[in-house]
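Keeping their order, the protein sequence lines are chains A and B.
Our numbering numbers the first residue of the first sequence as 38 and each following residue consecutively.
Our numbering numbers the first residue of the second sequence as 38 and each following residue consecutively.
Among the hints, a few may not be true.
One copy or two, either will do: identical chains are not told apart, so a pair holds if it fits within one copy or between any two.
[Said to hold, decoys possible] The list that follows gives simulated cross-link-like pairs (lysine to aspartate or glutamate, DMTMM-like), each with its CA atoms no further than 20 Å apart:
(1) K62 <-> E93
(2) K124 <-> E93
(3) K202 <-> D230
(4) K124 <-> D96
(5) K376 <-> D213
(6) K258 <-> E57
No lab work stands behind these hints, which were simulated from the structure alone.
Letter by letter, the chains look like this.
Number of protein chains: 2
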Amino acid sequence: MSTIVQKFGGTSVGSIERIEQVADKVARFRADGHNIVVVVSAMSGETNRLIALANEIQDQPTPREMDVLVSTGEQVTTALLCMALHKRECEARSYNGGQVRILTDDAHTKARIREIDDDRMRADLDAGRVVVVAGFQGVDENGNITTLGRGGSDTTAVALAAALKADECQIYTDVDGVYTTDPRVVDSARRLDHITFEEMLEMASMGSKVLQIRAVEFAGKYNVPLRVLHSFQDGPGTLIRVEDQSDMETPTIAGIAFNRDEAKLTVMGVPDTPGVAYKILGPVGNANVEVDVILQNVGEDQSTDFTFTVHRNDLQRAEGIMTRVASELGAREIRTDAKIAKVSVVGVGMRSHAGVASKMFEALAESGINIQMITTSEIKISVIIDEKYLELAVRALHSAFELDVEPVEG
Amino acid sequence: MSTIVQKFGGTSVGSIERIEQVADKVARFRADGHNIVVVVSAMSGETNRLIALANEIQDQPTPREMDVLVSTGEQVTTALLCMALHKRECEARSYNGGQVRILTDDAHTKARIREIDDDRMRADLDAGRVVVVAGFQGVDENGNITTLGRGGSDTTAVALAAALKADECQIYTDVDGVYTTDPRVVDSARRLDHITFEEMLEMASMGSKVLQIRAVEFAGKYNVPLRVLHSFQDGPGTLIRVEDQSDMETPTIAGIAFNRDEAKLTVMGVPDTPGVAYKILGPVGNANVEVDVILQNVGEDQSTDFTFTVHRNDLQRAEGIMTRVASELGAREIRTDAKIAKVSVVGVGMRSHAGVASKMFEALAESGINIQMITTSEIKISVIIDEKYLELAVRALHSAFELDVEPVEG
């Protein structure tokens with residue numbers, strides 16, 4: 038008998054009909070003899086409805102009161118799901134974040150979980166009941182209602198799974214798993230049976246919106262096996278877990294991630310002296326512009342070029358800041374390019390396989406794609422290329438790394 | 038500086054515009070230096086919306102889950118009202134029933150309040166904050182969410198006022214006070230400046246839907262001065278309080294209550310033996326039919342007639358039961374009459390004034406109205422008459438007891 042935490046997001050519980058479908062699924066798992074804890078979001082549209090009510094009164098309501106307001110959305114779903122389970126003669130009890138008790142800090146609207154008391158859930162599970170918990174919320178030590186921020190229900194699910202030492206945390210979504218790359222770009226993109234936490238983080242941060250990054254980090258930290266599944270289609274989904282040693286010989290690359298939301302800024306001819314990077318990026322950070330890739334190559338003649346990428350929506354703002362900074366620094370000029378794309382090859386296996394980079398560059402060269410920038414991390418190699426070559430690059434890499442071929446498990 | 042508990046019902050907070058108006062009123066009281074605790078209901082329509090969602094799943098959802106579901110309605114209002122107060126630079130904090138902490142028994146959907154912990158509210162009041170509490174809800178000793186049943190927000194307000202030893206509990210409604218009788222029937226009906234708890238109970242049980250009976254009883258028990266006011270019109274309203282000795286010489290009669298929702302059943306010729314009343318009313322009670330007036334006069338020839346009234350909607354059901362009972366008892370026949378009305382003269386003063394009954398009967402006789410039945414209590418005399426004479430009777434009595442004349446305070 039396993040203990041499983043299952044999380045259903047707003048779309049999966051977006052109508053009574055869908056809540057009934059979720060109840061079918063949960064009741065089936067329970068009938069199979071598993072201990073089940075379900076985490077639910079607000080019905081889709083409900084959180085926005087509540088925020089709209091608040092904004093009729095104030096543009097910037099107090100965070101404390103926003104939390105009191107929006108936390109009702111998930112509570113409604115917990116009650117409705119329990120009713121649907123009761124209808125299926127499946128015993129169930131609903132709890133809000135404060136009741137289970139998910140203790141958080143007092144950072145309203147973006148609280149972090151500190152501690153979970155699993156006594157109450159444990160007692161219900163022991164009595165054979167399904168426990169249904171409102172996602173996204175908790176209480177601070179003074180009993181004030183807090184929320185974890187949008188999408189925090191994934192985090193709730195992982196935290197409950199960690200507290201209960203659950204065998205698996207299942208995140209039900211509108212996709213049937215994590216793919217080697219976006220199936221809309223590569224027809225032969227393949228669902229992965231498993232992927233490591235680190236790979237998932239790299240894939241997620243590149244725009245795969247399957248899972249909240251924070252939830253993946255959390256799951257990795259507490260070693261909670263995380264499975265991504267489709268809410269209304271049957272299938273094994275993708276299991277996210279720690280690296281399995283027996284897989285060392287299996288494929289080095291998990292997938293190809295990409296992002297076309299970025300823009301590039303280059304400050305040409307800046308003095309190659311200590312503190313320059315800070316003088317450039319400090320003002321950008323202060324303006325709350327998020328920076329992704331940062332690149333500074335070896336300079337010559339006491340001068341260097343400094344390049345970074347920002348979200349395309351922030352380009353104009355970043356350029357304004359840079360123009361000011363450049364004149365202060367005595368830099369030669371600013372060049373910007375919004376028509377870029379980032380393509381990354383992700384895989385824990387590349388740690389031990391030096392050939393990944395050369396295979397990547399070879400594949401791009403064969404397709405006649407010029408690489409503008411390269412950055413690497415432990416398990417990822419990213420290149421910045423002209424946006425128009427994005428699809429071509431992704432397909433070439435997917436094929437070069439034979440991602441369309443099902444690996445033979447060792 | 039007084040401590041005042043103010044309660045606003047669903048209609049008073051039925052839209053953002055109305056919530057803003059309520060905030061104006063509350064902020065004004067606060068600016069006058071009073072300690073203010075506000076109790077709010079769900080926005081009108083919200084509770085029904087939630088119940089409709091539940092009923093899409095189940096006709097009879099578990100009471101525990103119904104409470105989890107519907108209690109969100111009041112919580113939403115508390116947050117929105119706090120935002121509206123903040124907008125007016127009036128410090129305020131919202132709490133749900135479990136947070137303040139309103140401890141109830143575990144009778145879900147109809148819980149009774151056991152105890153209130155006023156520490157938290159007291160701390161906020163001392164810090165100059167308005168405390169906004171979700172009405173109608175609490176928690177049982179295991180932390181499960183409970184509700185007090187529909188209209189329970191009045192009870193919450195009175196209970197908080199009692200716990201805080203508030204100077205006054207103000208119930209804001211869609212009427213500007215309690216009247217000597219229904220102004221739609223008697224043009225000269227007059228708003229009462231004050232009325233006793235007992236009189237209010239008799240007036241309320243006759244169909245004046247201004248206040249929940251349970252809240253009035255509660256207020257009387259804990260001696261909480263209760264004031265009925267209009268939500269959006271200024272005015273003193275009506276103060277409900279314990280009998281004031283100095284008023285002993287002022288009018289004996291507070292008002293004329295009436296009810297045309299009742300129907301009369303008479304079982305003729307039942308054996309005048311012990312246990313007959315139980316044999317007749319037992320089956321009626323078992324069928325959950327509520328009985329109002331019960332009347333059995335002295336019998337003759339070992340036989341008597343037994344009459345009672347029920348809500349008109351229950352007449353058919355009650356008649357069915359009676360037909361069976363009558364044949365078991367060997368009663369002669371059943372007579373029913375749906376075209377009746379009950380008119381009552383209510384006033385604590387009548388305890389010490391024997392002449393009230395004779396003045397009442399005289400006034401009815403002068404108007405040519407036949408009295409079908411008479412029942413009396415300590416502070417009320419009720420007569421059952423033909424429905425068609427109702428308005429005539431109410432006007433005759435209102436005038437006979439000079440209720441249109443403002444009393445001179447002693």
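Going down the list of hints, with the structure as the test:
Taking CA atoms no more than 20 Å apart as the test, K62 paired with E93 passes between copies only; the shortest distance there is 19 Å, against 39 Å inside one copy. For a Cα distance limit of 20 Å, the shortest separation of K124 from E93 across copies, 11 Å, qualifies, whereas the shortest one inside one copy, 38 Å, does not. Within a single copy, K202 and D230 get their C-alpha atoms no closer than 22 Å, and across copies no closer than 64 Å, so neither meets the 20 Å cut-off. Only between protomers do K124 and D96 lie at most 20 Å apart by alpha-carbon distance; the minimum there is 10 Å, versus 42 Å within a single protomer.
In this assembly of identical chains, the alpha carbons of K376 and D213 never lie at most 20 Å apart, being 31 Å within a copy and 67 Å across copies at closest. Within a single copy, K258 and E57 get their C-alpha atoms no closer than 34 Å, and across copies no closer than 46 Å, so neither meets the 20 Å cut-off.
In summary, the numbered hints that this structure violates are 3, 5, 6.
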